[in-house]
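Required output: the full structure, derived from the provided sequences and hints.
For the sequence shown, the positions run 1 to 198 when the working numbering is used.
Since the hints were made in silico from the structure, they are not lab data.
Keep in mind that a hint or two might mislead.
[As the list claims (entries may be wrong)] Taking lysine-lysine and the DSSO-like style, the derived pairs with C-alpha atoms no more than 30 angstroms apart in a straight line are: (1) Lys91 - Lys39; (2) Lys38 - Lys129; (3) Lys129 - Lys39.
[To be verified] Now the in silico label distances, taken between C-beta atoms and shown as ranges: (4) Glu165 - Asp11: 34 to 40 angstroms; (5) Gly81 - Ala31: 18 to 24 angstroms; (6) Glu168 - Cys86: 31 to 37 angstroms; (7) Arg76 - Met1: 23 to 29 angstroms; (8) Asp143 - Asp11: 17 to 23 angstroms.
Glycine is no exception: its CB is placed at the ideal position from the N, C-alpha and C atoms.
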Amino acid sequence: MDWHERYQVGDTPWDKGIAAPALVDFISEHADFFSSGKKFLVPGCGRGYDAKVIARAGGQVLAADIVEEALEFGRRDNPDGIDFRCLDIFKISERWDVSFDGVWEHTCFCAIEPEVREAYVEVMWRILKPGGTLLGVFFTNPDMPEGEGPPYKTGVDVIERYFGELFEIEWIREPSSYYPGREGREHLVLMRKRGFHR
1 MDWHERYQVG DTPWDKGIAA PALVDFISEH ADFFSSGKKF LVPGCGRGYD AKVIARAGGQ
61 VLAADIVEEA LEFGRRDNPD GIDFRCLDIF KISERWDVSF DGVWEHTCFC AIEPEVREAY
121 VEVMWRILKP GGTLLGVFFT NPDMPEGEGP PYKTGVDVIE RYFGELFEIE WIREPSSYYP
181 GREGREHLVL MRKRGFHR
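Here it is in structure tokens:
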């Protein structure tokens, strides 16, 4: 997938122009989760809608993506001082090992090739502080054909299989709010970094 070209030609159906409704709802119910002083990574942040909502809730945010065009959009209106960085998330632990209190994952996992999912989980584990959390909306579209993507087919069983060794999954549930057309195709997940490799 050439993500740069997709942004350049405006072929970005995943970009809804607003933050994830499930994230907005979560913040309204758990205002202290992104409280001041906590540092969060938003991998695959795109144009930064989610990153900005987290920053307004008080979190310090590193918003990462591989597409500079998307990041430029996010930097245009950035009163909260979000650190927008063009970087490879698979190499982020080389600089930010054990640096973050939390990760906000919004359909990044389903966008990467299945053969690198294990490496992605490992990186998320490494960059989190002890007891750090990963909160995310996972695109679990049941109609997605196996092997096609992105987005690649991701079910609850896949989430549990890949994350369960390095993270304690606290809960998985369907969000009560979602983008139009996404009902029954997303799961909101909260998990916590385990202190060791099994």
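Which numbered hints turn out to be false for this structure?
Violated hints: none; all satisfied.
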